[in-house]
Structure formats: structure tokens, C-alpha cells
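Construct all of the structure, not just a fragment, from the sequences and the given hints.
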Amino acid sequence: MVKHVIKRDGRVVDFNNQKIVAAILKAMAVTEEGEDIVLAAKIADAISKNGRDEMGVEEIQDCVENELMNSPRKEVAKRYIAYRNQRNLARKAKTNEIFQTIIDAQANDITRENANMNADTPAGMMMKFASEATKSYVDECLLSGDVREAVAGNYIHIHDKDYYPTKSLTCIQHPLDKILEHGMKAGHGESRPAKRIETASVLACISMETVQNEMHGGQAIPAFDFYLAPFVRKTFEEEVDKVSAICNTDYSFLKEAVIDDYLKHDLIGLQGKERALQHAINQTVSRVHQAMEAFVHNMNTIHSRGGNQVVFSSINYGTDTSAEGRCIIRELLNTTYEGVGNGSTAIFPIQIWKKKRGVSYLPGDRNYDLYKFACRVSARRFFPNFLNLDASFNQDDAWKADDPKRYIHEVATMGCRTRVYGNRFGPKTSIGRGNLSFTTINIVKLAIEAMQEQEDKDRRIQAFFQKLDWALDISAKQLNERFEFQKTAVKKQFPLLMSGLWLGSEKLDDEDSIESVINQGTLSIGFIGLAECLIALIGKHHGESEEAQELGLRIISHMAEKINGFAETFQHNFTFLATPAEGLSGKFTKRDRKTFGVLPGITDKDYYTNSSHIPVYYHCTPEHKAKIEGPYHKYENAGHIFYVEIDGDATHNPEAIMNIVDLMDKYDIGYGSVNHNRNRCLDCGYEDASEGLEVCPHCHGNHIDTLQRITGYLVGTTNRWNSGKLAELKDRVVHK
Amino acid sequence: MADGPGFRTAIYCAGCLHHCKGCHNPQSWDMAGGHPVSVEDLLADIKSDEFSNVTFSGGDPFYQVEAFTNLARRIKEETTKTIWCWTGFTYEEILADKRLSMLLPYLDVLVDGPFILEQRDTTLLFRGSPNQRIIYLTPKEDDEIPGAVPLMPLR
Chain C
1 MVKHVIKRDG
11 RVVDFNNQKI
21 VAAILKAMAV
31 TEEGEDIVLA
41 AKIADAISKN
51 GRDEMGVEEI
61 QDCVENELMN
71 SPRKEVAKRY
81 IAYRNQRNLA
91 RKAKTNEIFQ
101 TIIDAQANDI
111 TRENANMNAD
121 TPAGMMMKFA
131 SEATKSYVDE
141 CLLSGDVREA
151 VAGNYIHIHD
161 KDYYPTKSLT
171 CIQHPLDKIL
181 EHGMKAGHGE
191 SRPAKRIETA
201 SVLACISMET
211 VQNEMHGGQA
221 IPAFDFYLAP
231 FVRKTFEEEV
241 DKVSAICNTD
251 YSFLKEAVID
261 DYLKHDLIGL
271 QGKERALQHA
281 INQTVSRVHQ
291 AMEAFVHNMN
301 TIHSRGGNQV
311 VFSSINYGTD
321 TSAEGRCIIR
331 ELLNTTYEGV
341 GNGSTAIFPI
351 QIWKKKRGVS
361 YLPGDRNYDL
371 YKFACRVSAR
381 RFFPNFLNLD
391 ASFNQDDAWK
401 ADDPKRYIHE
411 VATMGCRTRV
421 YGNRFGPKTS
431 IGRGNLSFTT
441 INIVKLAIEA
451 MQEQEDKDRR
461 IQAFFQKLDW
471 ALDISAKQLN
481 ERFEFQKTAV
491 KKQFPLLMSG
501 LWLGSEKLDD
511 EDSIESVINQ
521 GTLSIGFIGL
531 AECLIALIGK
541 HHGESEEAQE
551 LGLRIISHMA
561 EKINGFAETF
571 QHNFTFLATP
581 AEGLSGKFTK
591 RDRKTFGVLP
601 GITDKDYYTN
611 SSHIPVYYHC
621 TPEHKAKIEG
631 PYHKYENAGH
641 IFYVEIDGDA
651 THNPEAIMNI
661 VDLMDKYDIG
671 YGSVNHNRNR
681 CLDCGYEDAS
691 EGLEVCPHCH
701 GNHIDTLQRI
711 TGYLVGTTNR
721 WNSGKLAELK
731 DRVVHK
Chain S
1 MADGPGFRTA
11 IYCAGCLHHC
21 KGCHNPQSWD
31 MAGGHPVSVE
41 DLLADIKSDE
51 FSNVTFSGGD
61 PFYQVEAFTN
71 LARRIKEETT
81 KTIWCWTGFT
91 YEEILADKRL
101 SMLLPYLDVL
111 VDGPFILEQR
121 DTTLLFRGSP
131 NQRIIYLTPK
141 EDDEIPGAVP
151 LMPLR
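Sequence order for the protein chains is C and S.
Be aware that the first sequence starts at 1, since it is given in my numbering, and climbs by one per residue.
Be aware that the second sequence starts at 1, since it is given in my numbering, and climbs by one per residue.
Just so you know, these hints were derived from the structure itself, not from any lab.
Careful: at least some of the hints might be erroneous.
Each computed EDC-like pair below joins lysine to aspartate or glutamate, with the alpha-carbon atoms no more than 16 Å apart [stated by the list, open to error]:
hint, chain 1, residue 1, chain 2, residue 2
1, C, LYS491, C, GLU515
2, C, LYS372, S, GLU141
3, C, LYS627, S, GLU50
4, C, LYS185, C, ASP510
5, C, LYS666, S, ASP49
6, C, LYS195, C, GLU181
7, C, LYS78, C, GLU35
8, C, LYS3, C, ASP45
9, C, LYS666, S, GLU50
10, C, LYS730, C, ASP647
11, C, LYS627, S, ASP49
12, C, LYS372, S, ASP143
13, C, LYS372, S, GLU144
14, C, LYS264, S, GLU144
15, S, LYS76, S, GLU50
16, C, LYS19, C, ASP62
17, C, LYS736, S, GLU50
18, C, LYS627, C, GLU546
FRET-style restraints, in silico, Cβ to Cβ [what the hints assert, rightly or not]:
hint, chain 1, residue 1, chain 2, residue 2, range
19, C, CYS684, S, PRO150, 17 to 23 Å
20, C, GLU256, S, ASP121, 51 to 57 Å
21, C, GLY153, S, HIS35, 54 to 60 Å
22, S, THR122, C, ASP390, 36 to 42 Å
23, S, THR122, C, ASP458, 52 to 58 Å
24, S, LEU125, C, LYS487, 56 to 62 Å
25, S, ASP121, C, ASP705, 22 to 28 Å
26, S, ASP49, C, GLU550, 22 to 28 Å
Quick caveat: nothing in here was measured; it's all calculated off a predicted structure.
Just so you know, even glycine gets a beta-carbon here, dropped at the ideal spot from N, CA and C.
Here's what the structure looks like:
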């Protein structure tokens, strides 16, 4: 008697003989004699009676085949077998076709899904094969029926679906102090705690590079300045010992010296201990500079994750006001300003300036000089971006100015915008935590459906909200299911990540499941295309109409509220994400255009507008953009970003960057950055900001690299951009 | 962003007699062009944007020096905004003319001199040709950053 069925993924579900009946009737329907419900039921009954308690899907299908062969309706058996084969073949053929495009190294939206990955290299190809193969496995074996339908229907998109079977989590903010103070084990190597800045900076790289292989998203350091500062002092102490040795004089008392700032000065005119002190400082600054250069260089050159991707790395800094912390920040900015190699802009790590009143923003703040410098660096190198610690939702009462570990209470972000801060199951912090998985809702499609079903505006909006609730419910269900699957992983699958970097993981044994600790992470529901959604509902987007803005805020606050409810229901940290949709931006649109045709303002472009942004083609002032987009940030607690496009040469006008940060400060904006144009001649190093530069005015070479930003990341040449993002780039207008 | 540092409310006036060859804005030469706007209206516009400083350009504001002096005085009395002013006259010409120099006390920066097409240089900061000068009439804010690497030279 069959009681349970083992599905392809190993999940056990209750046996339902109606499914067998339905399958047989389907096969009968395409034969001349047609359906015979009595026979179908008889066969289903026979199988359910004679089968074992637990049977696999394929086994049951074999039984159906046998029963049909032994019945008078052999032609039905033929149809049934043909149908099974067809399905298998179809699955394979589709995969083979995709494999062929990967082999041919064709540039298309499959190979260009991720602009940071070089899918043409052997390792990159290998990864794409695996990725394409696992995606169909996930569809067939891991998703429940209604979720699969919602995905197939283009209503929701499961991010990093190819990684689903690996049970990997998305990303983490590294508690680097643990590694620096206790050392680490990775692969075949073991490292001791760091004693000087060079080792500390290399350990920071290794930590991110190693953990990147254990996860499917980005790696970040939440307080780069605070973590590395102690090693500036240790380096200084080393230099004092060196001076003592060379001068044959005991200067060890200088190790206690109070240093206001680590600044290089000429030794001319200095004697005795003053000379020794300044020399030690000069040497320390040089070594810190070298260490920062090595750090940035490593983050841009060492490929990890199968050898085809550099780490999606981000570092947060700006609030350490100690002389040592300031030395780290200054030399990092110096090295970033100078560029890597022959002066190229470093693509990684994404740098994030933590802007905080009283610390790193206002004239008179201890780190104001470095903030001004950061704006100048951003004007040339696009980074740092700016994280607004003063935003109403980015604050924590536990933060105290005199607490040496106050960074624990400071929000940190992944460069792409992903934000983890609030916590229902532990301390409110970004550190040692990250996103577990996220899923994006195509709110544009829901709006188009509502538009086509309802003439009346109010009814249309009402219909939209109903559909939205359905999509939210199914997304929450899907994320919860993925969580249930992820939690079955054991600690040893994530050797470094779960060795103490992830909050609470140090107490796990190798064979322990990670269930008890991953609730520290977030499950995020995101969305794309608020602008197009609003156009579908009321004909205008929120940049151009107050009514649309009001409705936009109603939609987004409703989603936020509902998602908070999921956190209660499912007892997970559910959060709401303004999705950084790189591969997705064109995918949803293409499908919807096929379904609905070209709808003006909605599906007439090759992309949907990023999250709650005003469309990139819409002309407005930076302040208008800030005023409209700002109010959404407090709802989007899993991350958001504010962009302003400026024209002209930003290096001529770093004050404009400061003004944009002022807008962020005024309009309660959480995270933002400034986009501009930067050309660089790869032959002679000439730089400017002119539009469409093709020939270098200096050396007349034609190897011009133009930098652009895509979902928060910089991309040098645009040939790795997918078609949707390229179309969006062409439409971008400057805000003035 | 060519109108001076940071966000700026730029007031473009009509009328200019310098007629520099290669002028980027020759449609503004017509002394009878444009439309009249009151000082009050301009002031309201300027004040409505809390982050923007002010730029006078054109045209050449010095052909309407009384009106601009009036506006500039009000800006200085009622706001903390800085004023950058572009002109085709040279600083020396303005200084030598009592009437023209009435605007100077209210300006923070004067960018002076005619554009000379033959000397055109697009890498210059806020100017078209090297004869033009950025003249700070009020002390320039100290923007030295201790310990920073040499920044790209701005000329």
C-alpha cells in the first residue's frame, strides 16, 4: 500500500492516486478511443494497493507503464511513454542549447548575466554549465508547485537559484577582528594572529576570498578602519625598535608616545628623540600605504569562486577618529586616488564612507578633512559611496562616542546596497550577519494585469493590491521553504564562514546543522519597477506626479508592513529590499512584452526601472530626485540606494559630491552615490569626462576605457553588460 | 557643472557686446533678448534652493551692473550664499571703471576676460581659454588636506 512518495529532491509527500489518474487520462485524451476513467482509476488503485509504503516518482511511473502495457489499451502506454521521454528530452534539449551558447562563448544574456564574471574563461564556462544545469534541477525538484508556477509566470524571480541546491547563504559582513586576533585556517594553511599592518591587510583579503567560495553573494568588512587601526600602532612600535637598533639608543619609551596624526614630515632640523619619533612615523605611513595598495590590488586581481570572479568585496569606513584609524583611512584614500597598476580606477573593493554628524561629516568634525578628501576621491574614482549613519533608521541608542567598539552599533552595507541591521533573534548589528536569500516580485506585471482587468482607477488599484498580497505570500512561502532547505546544511560545509565569522557559529561542531545560527540572517523580498507599476496603474510615475508619489508610498509601505508580518508568522528576519536587479532588469521586461506587447511607458524600453527610483530618462534636479526617492528608504530595510547623475568633469567640482551628501542628510536617505563619466586612455593614462570619447586627445590612441556603474559595482568596459542594462545606460540623463 | 563649484542657481542675463569668436552662448548676445525678471523673483528662486550657491553669467552681467549689484547686495544681506560672476571684461577694466566696479564688493569670485578661440583649452577649470582668470575677491576656503597625495592639478 503506497502511503508516501519520495520526490526527486528526496522530500517525502503523501501519496495521492488522483495524480496517477490524471496522468493516464492525459495520455488517453490524445488517442482515438479517448478517455476511460474506469480503467484509469483501476490502474491507479492497483498501483496504490500493490506498491510499497514509500516509492519514488520514477518507480511509480514505471508501474503505470507496466499496468498500461498489460491492459487492453496498449496505445495509451505508448503515448504515456512518449510523453515521459518527450519531457526528458525537452529538458535536455533546452540545456544542450544553452550549453552550446556557453561553449561558443557567445555574448548573450546568459553569459552576461553577471557583469563581474568572465564567462569566457574555462573556469567561467564551467561555472555557467553548472549554473544552467542546477537551475532546472531546482525547478523540477526543489520548488513547490505554486512557487514554480509563479516563477514560470514571470511574477517572481528567485535570486541565485543556481546556488539553491548548495544550501549556501548570500553574504556576510566579516568580523575581521576575530581573524586578526586569533588567526585562521583555510585550505591547507593555518595563519597566526597578525602582528603588523602588512599581515593584517593580507588576512583581510584572504578572509573575503575564502568565504566568497562558501557563499553566493558579496563579502564586506563593516569597519575597515577600526579593525586595522591596532596594527598601525604595532607597525609603529616595530619601527621604534628599528630606530633604536640603528642608533644604538634605547627609544623604546617612544612606543608610549601620544601621536595626534600619522603625517609624514621631513627629518631636516630634527634631532634625538624627535628625529627618531618622526622617522618611525614616516616609515609607518609608508608601510600602511603599501599595505593598502596591496589590499586593493589583491581585491582586483585574485580570482576566487572557481577562478572566474574577483570577490564582490566592499569595505565600510570613516568613523574611526583615532590617529591610527585616520592613518588607515587616509592611506586607503590615497591609494584609491592614485589608482592601481598604471593608475586605473580600482573596481573593487566598493568603498563606503560612513557619514556621521559629529564624526565624519560636518566642518569641525575630527574626520571632516578625510570626508572632504573622500569626496574628491569619489569625484575621480566613483568610490567611496556614502552611507548615512544619521538617517532615522540607521541609528542605535547603544552607540556611544567614547565606546572603543562603537562600530558594532554602526550600520554597514554591502556595496550593492544589501543591508542587515535590525535583528529579532539577537543583537542589532550588521556584523557577523548577512542575507540568506532573496526573491524579487515583478510588481509591473501585477499592475499591467490590474490595468487590463479594471477600467475604473480605484478598482484597478484595489485589484493590484490583491495581486500584490498574493505575490508577497508566495514569495514569503518560497523564502521560508528555501530556509528549511538551507538549515539542513552542516557546519563543515562552510569551513571558514561557520568557524566563528557568522554570528554564533563558533559553538557549532563540524556535523551540527547550521539551523541554530542562520536565523541571524535575513530573508528578503524585493521588487523592481515601481515607476512602470505606477504608470500602469494611474498613467504617471512618482517623479512627475504627486498622486503617483502618494500611491507609490502606499504600495511600498504596504509591502513593508506585510513583510514585517511574515517575520512574526515565520519567525525569521524577513526584510524588504529595493532589489539590485542586474540580470533581472531585462528579463522581466522581455517576458512581459511578449505577453502584453509594447505598452507605452511600461514595456517600451528594454528594462524596468531600478526599485523605487525615478526613471533614468526623466529630467529633474538632484534635489527633486532626493525629495521623491528619500521617503522610500525607511521602508526598504534590506537595502536601498540613491543615485545622482552629474555631468561635466566631477574632479573639477568635488563640491557637487558634497552637496549630494547634503541632500542625503536632509532627506533621510540611507545610502547613495554619484554617477559621472570618466574616460581613461589605456595607452597614455590621459583622463577626462567628455561624452563618447573615442580617440585620446593626448596620444591619439583609441584604447579608451569608460567607467560606468551597474547595480553599485563599477564596470570598466560595457561589453559584459547585458542588453537590459545597456539600454538603461543609454537612457540615463544627468540631474541638474 | 561648468557654472562653478557645487550646486548653483545660475542666472543667465541677456546681452553681451564682447562677441568672442567661438562663444558657447551667442544667442545671449542680443541686448534686447530675454525677458525682464524682478530682483524679488530672482531672490525667491535663489532662496528656495538651500544647497545651491549663486552664479551670474550670460550674456555679460556687467552690462546690467546696477540691477546685478542690487540683486547681489540682497543675496549677501539675506543669505550666506557665495556668488561667482563671469564677465568678458578684464578685472583691470572693471577696476578702472567706477560704475562697473560697484558690483565687485558683493562678489566672491570673478572669472574674467574674453574667450580666445585660438587658445581654447578644455582642461581648464571653469574657463575656456588660459587668458581668463579665476579671481578670488573673498578669501578662498582652505581646502588643503594634510597627508593627501598630490591631487590632479586643476588649472
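Status of the hints after comparison with the structure:
1. C:LYS491 with C:GLU515: holds (9 Å)
2. C:LYS372 with S:GLU141: holds (12 Å)
3. C:LYS627 with S:GLU50: Satisfied, since the Cα-Cα distance of roughly 13 Å is no more than 16 Å.
4. C:LYS185 with C:ASP510: holds (14 Å)
5. C:LYS666 with S:ASP49: Holds, at about 12 Å.
6. C:LYS195 with C:GLU181: holds (9 Å)
7. C:LYS78 with C:GLU35: At roughly 15 Å apart (the allowed maximum being 16 Å), GLU35 (chain C) and LYS78 (chain C) satisfy the hint.
8. C:LYS3 with C:ASP45: OK: LYS3 (chain C) and ASP45 (chain C) at ~12 Å, within 16 Å.
9. C:LYS666 with S:GLU50: Roughly 10 Å separates the two Cα atoms, so the pair holds.
10. C:LYS730 with C:ASP647: Holds, because 14 Å separates the two Cα atoms, which is no more than 16 Å.
11. C:LYS627 with S:ASP49: Judged against 16 Å, a Cα distance of about 12 Å means the pair holds.
12. C:LYS372 with S:ASP143: Holds, at about 8 Å.
13. C:LYS372 with S:GLU144: Distance of about 10 Å is within 16 Å: holds.
14. C:LYS264 with S:GLU144: Answer holds: LYS264 (chain C) to GLU144 (chain S) is near 15 Å, not above 16 Å.
15. S:LYS76 with S:GLU50: At roughly 14 Å apart (the allowed maximum being 16 Å), GLU50 (chain S) and LYS76 (chain S) satisfy the hint.
16. C:LYS19 with C:ASP62: Answer holds: LYS19 (chain C) to ASP62 (chain C) is near 14 Å, not above 16 Å.
17. C:LYS736 with S:GLU50: holds (15 Å)
18. C:LYS627 with C:GLU546: holds (12 Å)
19. C:CYS684 with S:PRO150: 17 to 23 Å: About 19 Å separates the Cβ atoms of CYS684 (chain C) and PRO150 (chain S), which means 17 to 23 Å holds.
20. C:GLU256 with S:ASP121: 51 to 57 Å: holds (54 Å)
21. C:GLY153 with S:HIS35: 54 to 60 Å: holds (56 Å)
22. S:THR122 with C:ASP390: 36 to 42 Å: holds (38 Å)
23. S:THR122 with C:ASP458: 52 to 58 Å: Holds: the Cβ-Cβ distance is about 55 Å, inside 52 to 58 Å.
24. S:LEU125 with C:LYS487: 56 to 62 Å: holds (58 Å)
25. S:ASP121 with C:ASP705: 22 to 28 Å: holds (23 Å)
26. S:ASP49 with C:GLU550: 22 to 28 Å: holds (24 Å)
Against the hints set out earlier in the document, no violation occurs for any number.
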